[in-house]
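Take the sequences, apply the hints, and build the full model.
Here the protein sequences line up with chains A and B, keeping their order.
Counting from 1, position 404 in the first sequence corresponds to residue 388 in the numbering used here; the numbering is continuous, with no gaps.
Counting from 1, position 243 in the second sequence corresponds to residue 227 in the numbering used here; the numbering is continuous, with no gaps.
The hints are simulated quantities; they were obtained by calculation from the structure and are not laboratory data.
Since the structure is predicted, the reported quantities are computational estimates derived from the model, not experimental observations.
A portion of the hints provided could be inaccurate.
If several chains are the same, the list does not tell them apart, and a pair holds so long as it fits within one copy or across any two.
When the alpha-carbon atoms are kept at most 25 Å apart in a straight line, the in silico DSS-like pairs for lysine-lysine are as follows [what the hints assert, rightly or not]:
1) Lys128 - Lys16
2) Lys316 - Lys63
3) Lys128 - Lys11
4) Lys11 - Lys(-9)
5) Lys61 - Lys11
6) Lys61 - Lys16
7) Lys128 - Lys(-9)
8) Lys(-10) - Lys63
9) Lys316 - Lys(-10)
10) Lys316 - Lys16
11) Lys63 - Lys(-9)
12) Lys61 - Lys128
13) Lys(-9) - Lys67
14) Lys316 - Lys67
15) Lys316 - Lys(-9)
16) Lys128 - Lys67
17) Lys61 - Lys316
The lines below spell out each chain.
2 protein chains.
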Amino acid sequence: MATLPKKAEEFIDWYLAVVEAAGLSDKRYPVKGMNVWTPYGFRARRNLDRVMIREIEATGAEAVEFPTLIPETEFAKEKEHIKGFDAQVYWVTRGGSSPLDVNLVLRPTSETAMYPIFALWVRSHQDLPLNVYQIVNTFRYETKTTRPFVRVREIHFFEEHTCQVDEAAATGRVASNLAAFGRMATAFGLPFVAVRRPEWDKFAGAYYSIALDIPLGGARTLQIGSVHHYRENFARPYGIRYEASDGTTRYVHQTTFGLSERLLGAILAVHGDDRGAVFPTAIAPFEVVVVPIPAARAGDRPQQVAAEIARRLTAAGRRVHLDDGPERPGAKYYRWEVRGVPLRLEIGAREAEAGEAAAVDRLGQRAVLPLATLEAAVDRTLEAFDRALAERAAASFRSAFSLASDLADLAASTTVRQVGWCGAEACGHRIETAIDGALLGVPEGTPPVDGGSPAACIACGTTDGLRWALAGRPL
Amino acid sequence: MATLPKKAEEFIDWYLAVVEAAGLSDKRYPVKGMNVWTPYGFRARRNLDRVMIREIEATGAEAVEFPTLIPETEFAKEKEHIKGFDAQVYWVTRGGSSPLDVNLVLRPTSETAMYPIFALWVRSHQDLPLNVYQIVNTFRYETKTTRPFVRVREIHFFEEHTCQVDEAAATGRVASNLAAFGRMATAFGLPFVAVRRPEWDKFAGAYYSIALDIPLGGARTLQIGSVHHYRENFARPYGIRYEASDGTTRYVHQTTFGLSERLLGAILAVHGDDRGAVFPTAIAPFEVVVVPIPAARAGDRPQQVAAEIARRLTAAGRRVHLDDGPERPGAKYYRWEVRGVPLRLEIGAREAEAGEAAAVDRLGQRAVLPLATLEAAVDRTLEAFDRALAERAAASFRSAFSLASDLADLAASTTVRQVGWCGAEACGHRIETAIDGALLGVPEGTPPVDGGSPAACIACGTTDGLRWALAGRPL
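As structure tokens, then:
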């Protein structure tokens, strides 16, 4: 039971210690940055996937799976794209003991795997929109320091790819994706900002990129996903055309929407505290842990009652763990606290006698729940827990941004900064130098700080073409 | 609407045509043997996975996921294993533009990925049994002709790996796996035979291998899975040891259980007919298709009733497709028949008026179902369909094996053959030569043909150490 570092003081060390203490990932695998999903971590991942699948399928997308390996010939067709990824892909060059005729790339993302096939699938306007997604692993030969979930070399990845009749329809799909992500983020209790990335930081091959960023304390940010509008940039080299209702042949307009296991990292980073992980109910590997006191006396009333409670809550659809091993209760409480379980139910002789369970949620709220109506009481308790957790995250989010009106002011930033920007690239780079980070881009919709209209570009002082932009230090 | 080849006459052509006509897999991807899971095929796969997960988790196994890439150094530790796989693995040799320090193998199976980590996870007898599984893709550089689902280079794979306290416990896990597979096969309506493979055909590194084989007509068979007992064969090179309750240090005994997308191929091959795919309800991408007649007149009663039926059955948990497009009903019937949907509900003006649905199952059974109690009627209809489908497969299975008592008799085999065998490898090879196929091995439990005890070895005529064995021509 080593003490965790303090989140507020040593954020990165705290994060690494929480992932390890919660038993979510094993990074002792003998390839750096390729980690093992433990049973506990895999449960969280499965729940994360379930939410993603639910929300994306609600928008009419269908699941598919394309191969992991992409021939070099296809990979190289879109010139910006290959330039963007060339340095960070793994190459398969041999099958058995023979060199391959055409080298194969381990997909870093699947545009170049999917689009030759989309060209076969899309023939007429009746085939559109084509909205498909896959949840697969992708691979990047990272040269930066790797971190579980946040920067890894094998990435658990969600990617939607769509073909639309025209630019307006593609813009509509971008909006639909942002709305779907909003619903996911609500399930995770995770406030975020959608930011249109500057030209020099958009996805390789995109017309524009909207990133989903979260603040992590100080000026730190983490990109947890993105939505891209490709216009015809990929449709032209891959020949994805259709016959319109007027008989003309046109290129489709494409979009993509990407998320990854980073979401799990973000959930840990945002909700976790100095006592370990804190999972929102939707993601929690176990929603409820039941602990009989004293432990491991089979036939005792507390033991019997605890087992019955676990059975009932499981039947009600809850993910429940009955911890009836021989350890002392304190050790169990510590374990499930570090592991972030939303609700613990303790059953002692007194509770068993009174027909009650002593409930403690992961934020420390205590209550006594009647066994007679336990399922409903657990529903209410977990709803209140999720609400409190989301409110804590929302309060932290609100204080994570502040205005800045002077470049000199940026260096000492202790939040993400909202600045006036004229839109010029040169000014953008001056802002990046000043904060020693990145111009994240222009927020979609209402910016996080209510500062009225910007007065001038923080870099050049012009009052023309002004917009709010965010600047921070991406992890 | 091209006619399919006849299953009884041109089995392989028929199989390939059904996969294509049903729209389950797209093999136009530009790497041979790496196919695209279409939306329809992916739905079948998801249902297949659901059954596998349900049955394996019922035996206490937990899901994990290990990395796709295995360092050459780990891969080479178990000598038989590397010899078995060396010629058929893909090698990653470059990251970006640099050669890797250690080449990486794309996993053909995950023993050598998992076992170095198992050595860290298993410390004491309290950590045992360790029963974990993963559903991932594996890769084999196949040199034989590839076939969708049956022989591919990227394989959708299920693999359970366990560590047990001793050989007896490992033998028990083998039995538990065989029972779990029996439950899966029941859900798929798929009769199979479990066969202990001969020494010369066991898994690379195994103590023994039990294969799950199905007959495919003629003497053809298809291995759809396997369960292996490893004894300490991997535990020793990978150092997987534990402290027993008596304080001694021992090696674990290991088992594995493997299944793959071949199961989907087997389901298609066994249940399909000259009119296309036939899916058992548990696997069907859609369980029910609802067709209003005439089509595409919004506001018509048949259209309204069909939509309401689709809504109700979906709410009852059924996977339903409402086909209310502009095509004529015949084209829709043809499409969903080829695609193997178990039940079609037709709603014309007469049915809408009478409060009924005309039901036709994929085996041609017709019935009229009352809309008032439709959910229950559909339940009963699908249960009857699954039963009839399983019975048809069982009848076909019973006639797929016959006794043979003379080597000369084997060449002209029109079934899988059950033969007396003395157990000697030389005799095994003579049987294989005679049938121009393989000695599949010795059936576990009751052999498929009730032939009493074997009289003599079909190859050498001895009456010592006799057992029944099966011989056939694996696909």
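We went through each hint and held it up to the structure:
1. Lys128 - Lys16: within (11 Å within a copy, 35 Å between copies)
2. Lys316 - Lys63: Classified as neither; 55 Å inside a copy, 43 Å across copies.
3. Lys128 - Lys11: The answer is within: 16 Å in one copy meets 25 Å, while 37 Å across copies does not.
4. Lys11 - Lys(-9): Within one copy, since 21 Å is at most 25 Å while 51 Å is not.
5. Lys61 - Lys11: Between copies, since 21 Å is at most 25 Å while 36 Å is not.
6. Lys61 - Lys16: between (30 Å within a copy, 20 Å between copies)
7. Lys128 - Lys(-9): within (22 Å within a copy, 56 Å between copies)
8. Lys(-10) - Lys63: The answer is neither: 46 Å in one copy and 48 Å across copies each exceed 25 Å.
9. Lys316 - Lys(-10): within (22 Å within a copy, 63 Å between copies)
10. Lys316 - Lys16: Neither way: Lys316 and Lys16 sit 32 Å apart in one copy and 52 Å across, limit 25 Å.
11. Lys63 - Lys(-9): neither (43 Å within a copy, 47 Å between copies)
12. Lys61 - Lys128: Neither: 27 Å inside a chain and 30 Å across chains, both beyond 25 Å.
13. Lys(-9) - Lys67: Neither: 38 Å inside a chain and 50 Å across chains, both beyond 25 Å.
14. Lys316 - Lys67: Neither, since 52 Å and 46 Å both go past 25 Å.
15. Lys316 - Lys(-9): Result: close within a single copy only, 23 Å intra versus 60 Å inter.
16. Lys128 - Lys67: Close inside one copy (19 Å), not across copies (36 Å); limit 25 Å.
17. Lys61 - Lys316: neither (56 Å within a copy, 38 Å between copies)
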